[in-house]
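Model the full assembly from the supplied sequences, consistent with the hints where possible.
So the protein lines, in turn, are chains A and B.
In terms of the numbering used here, the first sequence opens at residue 1 and continues consecutively.
In terms of the numbering used here, the second sequence opens at residue 1 and continues consecutively.
I should point out that these hints are in silico values taken from the structure, not numbers from a laboratory.
All values reported here derive from a predicted model rather than from experimental measurement.
Ideal placement from N, C-alpha and C gives every residue a C-beta, glycine not left out.
Incorrect hints may appear among the rest.
Calculated from the model, a selection of chain A residues having no Cβ within reach of chain B, i.e. all distances over 12 Å [to be verified]:
| hint | residue |
| --- | --- |
| 1 | Arg62 |
| 2 | Gln129 |
| 3 | Leu135 |
| 4 | Gly136 |
Where chain B lies over chain A, by a calculated footprint (3+ residues, C-beta under 8 Å) [said to hold, decoys possible]:
| hint | segment |
| --- | --- |
| 5 | 13-23 |
| 6 | 31-38 |
| 7 | 100-106 |
| 8 | 119-127 |
| 9 | 150-160 |
Which residues of chain B face chain A? A few of them, derived with a C-beta cut under 8 Å, are [as the list claims (entries may be wrong)]:
| hint | residue |
| --- | --- |
| 10 | Thr7 |
| 11 | Ala13 |
| 12 | Gly14 |
| 13 | Lys16 |
| 14 | Val19 |
| 15 | Pro23 |
| 16 | Ala26 |
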Amino acid sequence: MSRDDDFSEYVAARWPSLVRSAVLLGCTPTEAEDLAQSALERCLLKWSRVRAADDRDAYVHRILINLFRSGRRRRWTHEKPAAFLPEQVGTDQTAGIDDTDAVMRALDRLPGDQRTAVVLRYYAHLSEQQMAAVLGIAAGTVKSRLSRAVKALAADPDLAELRGAR
Amino acid sequence: MIDSDLTDLLERAGGKTEVGPPPIDAMRVGATRRRRRRTAGVSVLGAAAVAAVIGGATLLTGPPQAGPPVATPAPTAAAVPDGMRLVGRGHVAIAVPAQWATNATRCGTAQEDTVVIENDATFCLSPRPAGVESVELMYRGLPPEFRADQRFEIDGVPAERQRTTCVARDAPQVSVCTGMVNVPSLGVWFRAESSTNAAEVDRILARIRITPDQAGVPAIGSASGEDYQDELAEMGLKAKLEPKKVAHNVPGMVVAVSPAPGTMLSPGDTVTVTVAAR
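Encoded structure:
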């Protein structure tokens, strides 16, 4: 398969999940698309290497996370975007618990590293090995970070109500 | 909390986000732009440069924009950069350096930096000197071998780009780089050439824009007075026909127009059209 076809195929398959991962990490949908696009552009630049690598997903997610973090660092020195505000403008506070809001609120409460770990493991379905490569940490650290995150989520009131209501 | 719970919750939460189709073309362009920024050398696909000066939600220059194209309100005439002038046909124009000549060709080949609106290609051949940039602004007659390597938008109008390629012409050894942009809905296409390098071609084509508030006087070609009047009407310009006794001309054919083809006018302006008297 030509290099180009291969890239198109990869993108077609992974695009929605990459964008949604970015949303779960805390981006607005527009930012998420920007982020995913930027990441894939950079991957295209090195696509022959990416193709040859054992793990395209790990490579792509590593770029995605790095971009997300550097973007986040830049952002914190400027204004706080709506995504980071505790009260979402336009969120109907009085309505019953909305699944998505509850999940997003719970994720918002996690420290960044834990949130990233949760999204990579439970949404992007990366293995612990892949996550170690993506995050540049030891597999053991991945394990402990995940377990702390899951514990925090299990105790999260929003999620508890959600699970209770199901 | 068991794993599948968490997966389920995240997938439902993630699934709420609507995701448009992947902007693959834009990614390729972006990747190429990054590659060009890092390595010197001949650019093969320069569509990214085309977006450089274009207003409106089109391709990327800085932070990439993804998602489906959004209709932008028609921009008020963007200022022409200093030292440039605008040359166009109807509502599509290109900004070229003010000092460039117009139609400075010999046997259809540019002899100095020039914009070309009327081509004088005749049965002769003239070599292109080195270090010459040029752009042709043409209407219809898109060469059949034109390939749309890239599709994009200029101020919301669909356009196509054929990648810049360079060919070494023979004695004297001059490398000529060519790139093209086609705007199908307006019938206008541009061919930029440079005997300096490929980056110049990309730079030239980056200055194409849509001008909703201005109309460029069309080239004459071989139009009759009536045909030309129709063309003007299509772009909101008026014609004032002036017959003139001219030797060796088919009666009724347009001999000259004023202001000159390529000049940008406001809607409702009048173009004086000299036609060969019957």
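Are three or more residues of the segment 119-127 of chain A within 8 Å, CB to CB, of chain B? n = 4 at 8 Å, threshold three: holds.
Could you check that no beta carbon of chain B comes within 12 Å of the beta carbon of Leu135 of chain A? At roughly 18 Å from the nearest Cβ of chain B, Leu135 of chain A sits farther out than 12 Å, so the non-interface label holds.
Using 8 Å as the Cβ threshold, decide whether Val19 of chain B counts as touching chain A. 4 Å, holds
Let's test the interface hint: is any C-beta of chain A closer than 8 Å to that of Ala13 of chain B? At about 4 Å, which falls below the 8 Å cut-off, the nearest Cβ of chain A leaves the hint on Ala13 of chain B intact, so it holds.
Proposed interface contact between Gly14 of chain B and chain A, which counts if any beta carbon pair is under 8 Å: Holds, about 4 Å.
12 Å Cβ clearance of Gly136 of chain A from chain B: 23 Å, holds
Interface restraint verdict for Ala26 of chain B against chain A (beta-carbon cut-off 8 Å): This hint holds: Ala26 of chain B lies near chain A, its Cβ roughly 7 Å from the closest one there, short of 8 Å.
Mind taking a look at whether chain B covers the segment 31-38 of chain A? Criterion is 3 or more residues with CB to CB distance under 8 Å. holds (count 6)
If we take the beta carbon of Gln129 of chain A, is the closest beta carbon in chain B still more than 12 Å away? Given that every Cβ of chain B is farther than 12 Å from that of Gln129 of chain A, nearest at about 17 Å, it holds.
Is the claim that Arg62 of chain A lies outside the interface with chain B correct, judged by CB distances over 12 Å? Arg62 of chain A clear of chain B: closest Cβ-Cβ about 17 Å, beyond 12 Å.
Within the segment 100-106 of chain A, is the number of residues with a Cβ closer than 8 Å to a Cβ of chain B three or more? holds (count 3)
How does the segment 13-23 of chain A fare against chain B when you require at least three residues with a CB closer than 8 Å, holds or violated? holds (count 7)
Checked against the numbered hints given earlier, the structure satisfies every one of them.
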